[in-house]
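Number of protein chains: 2
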Amino acid sequence: MTTTTVQFLFDFGSLNAYLSHKMIPQIEARTGATFEYVPILLGGLFKLANNRSPMEAYAGIPNKLAYEHVEIDRFVRRHGLTAFKWNPFFPVNTLQIMRGAVAAQTLGCYPAYVDVVFAALWEREKNMGDPEVAAAELQGAGLDAEALLAAMQDATVKGRLLANTQEVHARGAFGSPTFFVGDEMFFGKDRLGDVEEEIRGESLRAARAH
Amino acid sequence: MTTTTVQFLFDFGSLNAYLSHKMIPQIEARTGATFEYVPILLGGLFKLANNRSPMEAYAGIPNKLAYEHVEIDRFVRRHGLTAFKWNPFFPVNTLQIMRGAVAAQTLGCYPAYVDVVFAALWEREKNMGDPEVAAAELQGAGLDAEALLAAMQDATVKGRLLANTQEVHARGAFGSPTFFVGDEMFFGKDRLGDVEEEIRGESLRAARAH
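Those protein sequences? They're chains A and B, same order as listed.
Read in order, the letters of the first sequence are residues 1 to 210 in my numbering.
Read in order, the letters of the second sequence are residues 211 to 420 in my numbering.
With the rest of the complex left out, here is chain A (with noise of 0.2 Å):
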């Protein structure tokens, strides 16, 4: 087992982070590793980097788009995600609700904060833009829709969520979902794998060491 710490970079908005985060767990178990999740706005990450999500860039390339979605109904039927859904409203503003991950943090509640986003989104077919929505969705899971909401509008919390996206976007990233192993990048939910390996070597290395 290792003590290993993977940055994971997501945004709500982000089916393949969607993805990645059901999968998380498992590679926590099976390595010991312990994943970070860093709140990035992928909208100001795809303005940094001059990039496009996967679904605007595919979008004249039929045969392309076509396949993602393959691709994708391969991945949830190989992991038994069944509660997956197409989220109906989707793409979703994630401003806020990215903001709320970041006020989340400070007003400990940051676990459940980012499970009930997620599968509103994700799993329940919500339109998490709509701040009634997301007020509704938080409190209804036990959370104080009404602090959460509020701190989205605070300046420190604004700030954060932005040196978050600028940052990760200095370090070489580029969309969502994108892991952090030491200073190996890894992009897509496709690297998990590959990311699973990287810990069992970091921590081989860290064994070696002492």
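Treat the hints as calculated values from the structure; they're not laboratory data.
This list has only true hints and no planted wrong ones.
As a list, the in silico DSBU-like pairs of lysine-lysine whose alpha-carbon atoms are at most 35 Å apart:
hint, chain 1, residue 1, chain 2, residue 2
1, B, K336, B, K257
2, A, K85, B, K257
3, B, K257, B, K295
4, B, K368, A, K64
5, A, K64, B, K257
6, B, K274, A, K85
7, A, K64, A, K47
8, A, K158, A, K126
9, A, K158, B, K274
10, A, K47, B, K295
11, B, K274, A, K126
12, A, K47, B, K257
13, A, K64, B, K295
14, B, K336, B, K232
15, A, K64, A, K126
16, A, K64, B, K274
17, B, K232, A, K64
18, B, K257, B, K368
19, B, K295, B, K274
20, B, K274, A, K47
21, A, K64, B, K336
Beyond 12 Å from chain A on every Cβ pair, some chain B residues (computed):
hint, residue
22, P235
23, A239
24, G242
25, G253
26, A293
27, L317
28, P321
29, R334
30, V343
31, A345
32, G352
33, D364
34, R415
35, A417
36, R418
The model shown is predicted, which means the values in this text are computed figures rather than measured ones.
Beta carbons are placed, not taken as given, at the ideal position from N, Cα and C, and that holds for glycine.
Chain A is fixed; fit chain B onto it per the hints.
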């Protein structure tokens, strides 16, 4: 072991097709499957599919382009592909050497031709878009360069390459390397593990059907 045939759609100009080519013998040995090499013209497929090469698509996205290189380096290192060298003439026009692949199928030297051309491009830094260079490489490897170069001008050969390209586009392809196991399509060298899993699944289903 299985008798499954996998179709491997390739263009010599695709580095990821070369990297896949180097892994195929091991997959054949492990599974008993046969990979049928289907020559296509990648430039033509891109036009049909409205797609572009990764190098072109990522040219304006520096972080993504850098990551693409990191992933190639990782693949090369992980699989010990020590002969690989970046080709200084890249991108090379592959129209003639892809026609040559079709010609080699009828001239009875297909596997040797494929090996020689992939190696010339991705191990020996040759400008295989230049007919004189191509002729020298083929001749040097003991192939009948004169017959091959003559056959590249054959209307049937030209038509076959075009037909292959149109057929794979109609089946859903948009780039190289693409693999078909039955009707299941897989794109990219990073799907080779999934291709192998699909071969094993096919083989199990065939065994149960008997």
